[in-house]
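Just so you know, the sequences run in chain order A and B. If you read the first sequence in the numbering used here, its first letter stands for residue 437, the second for the next number, and so on. If you read the second sequence in the numbering used here, its first letter stands for residue 450, the second for the next number, and so on.
Calculated from the structure, these hints are not laboratory results. The beta carbon of each residue, even a glycine, is placed where N, CA and C say it ideally should be. Mixed in with the good hints, there may be bad ones.
[What the hints assert, rightly or not] Stretch-level coverage of chain B by chain A, calculated; a stretch enters the list once three of its residues show a Cβ under 8 Å from a Cβ in chain A:
1. 545–556
2. 592–606
3. 657–664
[Stated by the list, open to error] According to the in silico footprint, chain B covers these stretches of chain A (three or more CB under 8 Å from chain B):
4. 574–583
5. 866–878
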Amino acid sequence: MLWSKKRKNKNWPVAVLALIVFLILGLWLSSSELAAQKKKEDKRTATLHNKSQQKLTPARSLLELREPIQRIKVMSSSQTGGSGEKYSPHQVLVKFRSELTTQSADDILTAYQAKSYHLIPKINVYVVHLEEGISVEDTLSALRNNPDVAYAGPDYKLHLCTTPNDQLFRYQYALSNPGGQLLIPGSPTAKPQADIKATGAWDYVKGDPNTLIAVLDTGIDYTHPDLASKVIDHGRDFVNDDDDAYDDAWHGTHVAGIIAAATNNSEGIAGVAWNCRLLAGKVISASDEGDYSDLIEALIWAADYTNGNAKVGVINMSIGGPEPDDFLEEALRYAYNKGIVLIAAAGNEASQGISYPAAYDSYCLAVGATDYNDKVASFSNYGPELDVAAPGVGIISTIPLAQTDPGYLPYAYANGTSMATPHVAGLAALIKSAKPWLGASDIMKLIKYSPDDVEAAGFDDYTGYGRINAKRALAPYILR
Amino acid sequence: MAAKKMRGRKFLWLALALIVFLAPGFKAQTELYAESELNQAASWDFGLRFDFFDRGIKRDEAGSNLKSLHLLAEARGKNLGGTVDLTLFVGLGQTDLNGLVFNQLPITLDYQAGGINGMIIGLAADWPLIYKSDFKLGLTADFMTWFGFKKKFAIEGFVFPGEAKAEPDWSQASGGIFAAYEGYENVEPFIKIKVSGLWGTFKMTENMQDLSGEENKSLKGSGLMAISLGCHLKLTDRLYLTPVAEFYPASKFGLAASLGVFYAF
Numbered sequence: 437m438l439w440s441k442k443r444k445n446k447n448w449p450v451a452v453l454a455l456i457v458f459l460i461l462g463l464w465l466s467s468s469e470l471a472a473q474k475k476k477e478d479k480r481t482a483t484l485h486n487k488s489q490q491k492l493t494p495a496r497s498l499l500e501l502r503e504p505i506q507r508i509k510v511m512s513s514s515q516t517g518g519s520g521e522k523y524s525p526h527q528v529l530v531k532f533r534s535e536l537t538t539q540s541a542d543d544i545l546t547a548y549q550a551k552s553y554h555l556i557p558k559i560n561v562y563v564v565h566l567e568e569g570i571s572v573e574d575t576l577s578a579l580r581n582n583p584d585v586a587y588a589g590p591d592y593k594l595h596l597c598t599t600p601n602d603q604l605f606r607y608q609y610a611l612s613n614p615g616g617q618l619l620i621p622g623s624p625t626a627k628p629q630a631d632i633k634a635t636g637a638w639d640y641v642k643g644d645p646n647t648l649i650a651v652l653d654t655g656i657d658y659t660h661p662d663l664a665s666k667v668i669d670h671g672r673d674f675v676n677d678d679d680d681a682y683d684d685a686w687h688g689t690h691v692a693g694i695i696a697a698a699t700n701n702s703e704g705i706a707g708v709a710w711n712c713r714l715l716a717g718k719v720i721s722a723s724d725e726g727d728y729s730d731l732i733e734a735l736i737w738a739a740d741y742t743n744g745n746a747k748v749g750v751i752n753m754s755i756g757g758p759e760p761d762d763f764l765e766e767a768l769r770y771a772y773n774k775g776i777v778l779i780a781a782a783g784n785e786a787s788q789g790i791s792y793p794a795a796y797d798s799y800c801l802a803v804g805a806t807d808y809n810d811k812v813a814s815f816s817n818y819g820p821e822l823d824v825a826a827p828g829v830g831i832i833s834t835i836p837l838a839q840t841d842p843g844y845l846p847y848a849y850a851n852g853t854s855m856a857t858p859h860v861a862g863l864a865a866l867i868k869s870a871k872p873w874l875g876a877s878d879i880m881k882l883i884k885y886s887p888d889d890v891e892a893a894g895f896d897d898y899t900g901y902g903r904i905n906a907k908r909a910l911a912p913y914i915l916r
Numbered sequence: 450m451a452a453k454k455m456r457g458r459k460f461l462w463l464a465l466a467l468i469v470f471l472a473p474g475f476k477a478q479t480e481l482y483a484e485s486e487l488n489q490a491a492s493w494d495f496g497l498r499f500d501f502f503d504r505g506i507k508r509d510e511a512g513s514n515l516k517s518l519h520l521l522a523e524a525r526g527k528n529l530g531g532t533v534d535l536t537l538f539v540g541l542g543q544t545d546l547n548g549l550v551f552n553q554l555p556i557t558l559d560y561q562a563g564g565i566n567g568m569i570i571g572l573a574a575d576w577p578l579i580y581k582s583d584f585k586l587g588l589t590a591d592f593m594t595w596f597g598f599k600k601k602f603a604i605e606g607f608v609f610p611g612e613a614k615a616e617p618d619w620s621q622a623s624g625g626i627f628a629a630y631e632g633y634e635n636v637e638p639f640i641k642i643k644v645s646g647l648w649g650t651f652k653m654t655e656n657m658q659d660l661s662g663e664e665n666k667s668l669k670g671s672g673l674m675a676i677s678l679g680c681h682l683k684l685t686d687r688l689y690l691t692p693v694a695e696f697y698p699a700s701k702f703g704l705a706a707s708l709g710v711f712y713a714f
């Protein structure tokens, strides 16, 4: 032990020198290893990036608007760009305490080996460029421990939100509203961002093909070019008691397109639940009529439906009736207890009172309609059971080929809480895809607690908790 | 990858072989040592130690580094029972786990809040077995555990205000062999080659009205090997410094450095 022995050897300076050399050698080896590691990771990231590049009335008073749509040039897709880095590896943002002089701030930044920096005026934030080899993390860690620093954070990367290349996406203000004069019937002027923030959500989740959304409606035209690849089978027709839920009206096909039309396929529209698939349950006849019994039966059927690994995660009911019913409630409970998120339209009578099944607050999310200005749609029913709202005015979507007039594309505009509901169903499907372990209750709460408050502050009977915000529900919340 | 694993296994076999080789001589050597003139009375040194610690960890599928800064009060008992040097330490540590994403929670949380303060306690023991010339060889072991203090965050921008609570902890245990050279008057260099494991959890809970969730991220040190190089550097008769550099040559290379100043009673 040192100090316990009195040796006469005077070579200790040589030993210290040897140790220092040894340590330097070790550090050099570690940095080379780190550099090699980083190079390998960069290469792997680049490879992944390259690979990815290869690659019961129908809400009773529906208003259908059909406008001829001119064939429009297909714009090239504008996918999420950038390197995938969350923040710049060479820059940080720093704000000093207000009492600090500019000279002192300069001295501090110099001490932290800033290569260069500049001040963003008015808010007094420095953009600091770091020397090569200086890590953002270490610099931030040091700055945050400096009592003169009020805030130090990374310089996060901006990128374009994921935008699909579907030909008619530009008409879908509900998914991404640019504001100004809209390309929908009447050419109204819209408020920017009065949308469900779908593009922001798609940066994180595009949905799982094994998450099915059951559309209990007039059926789905499964031959439609924008739906054929998304409808899992021919479904079940509870009105005519057969296994062919082909849409002999138009409503179900319109709803289905809003939820999950084939997306990023250079044609037609984009669906909210980009990669999810659809299951058709026909409970409304060609003459827009349906019985509670058919809906009850369809709920049980959809809840138990499986096809390979695919099963129903969300049920969309853009339908409603005026009366409560114990059996209907029991069927809802059955599906809810299987973890299925139930979404239903509030109704289009512009009156107090939410339709059933939407009014079953414990099991169902009730959806009202807003417009391109985040104003409540004139027809949307209201009441305390209303949970959230979504755009339901001037919504473009798919219609059956059989209903398409010559010279027109098989798409049409429609108004209604029926059109608002599938936006919420699409969001529910995205959440279910990303977090299949969440129960129906948690997904309903997440949808209710993440909207933009667009009417009276807080909860109100016209928009519930507000117009849904898919990005807020799905994007990671950064703890700083 | 396979080559790395092979190298790791070779190292483990080598370490085990050395321990097995040393073990038979242990009893005799201890007796010899007890009788030798080298055997000194037990004594205690006290001091402060500052550690920087940056070790590769695996968390779920991803890998990253766990960075930690420690300020420790340390007591070193020398020649306890005539054979063992025992070190006890306690102090504060700040661990940085930035970049952990808790995506099992209803609202996904991305932890970017930097260091979390916590308390560290631990012990280390050196057990000299062989004295040859001016060299000393023996077994070494250490253990330290860090308990992060709970850190709360507001979750804003939603309909209801929410709260997230972070509770991390980790521990590290190592065992192996050491060699020290006692031939110099004022400096005693040493090297330690150890098998070292790190494990821990980062528990995150979130609450927003009646929406809540909890997620535990498990943390595991990548690699099992650690090499320490250091020395005791005499400043005065009673005051000495102990600088140490430690390397973790694993898939995510890590290193640690510490500097302690001690007073010998």
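Evaluation of the provided hints:
Here the stretch 545–556 of chain B counts 7 residues with a CB under 8 Å from a CB of chain A, which clears the bar of 3, and the coverage holds. Note: the stretch 592–606 of chain B has 3 residues with beta-carbon separation from chain A under 8 Å; the three-residue rule is met and the coverage holds. With 5 residues carrying a beta carbon less than 8 Å from a beta carbon of chain A, the stretch 657–664 of chain B meets the three-residue requirement, and the given coverage holds. Restraint check on the stretch 574–583 of chain A versus chain B: 3 residues with Cβ-Cβ distances below 8 Å, three needed, restraint holds.
A stretch counts as covered by a chain when three or more of its residues have a beta carbon under 8 Å from one of that chain; for the stretch 866–878 of chain A and chain B the count is 5, and the coverage holds.
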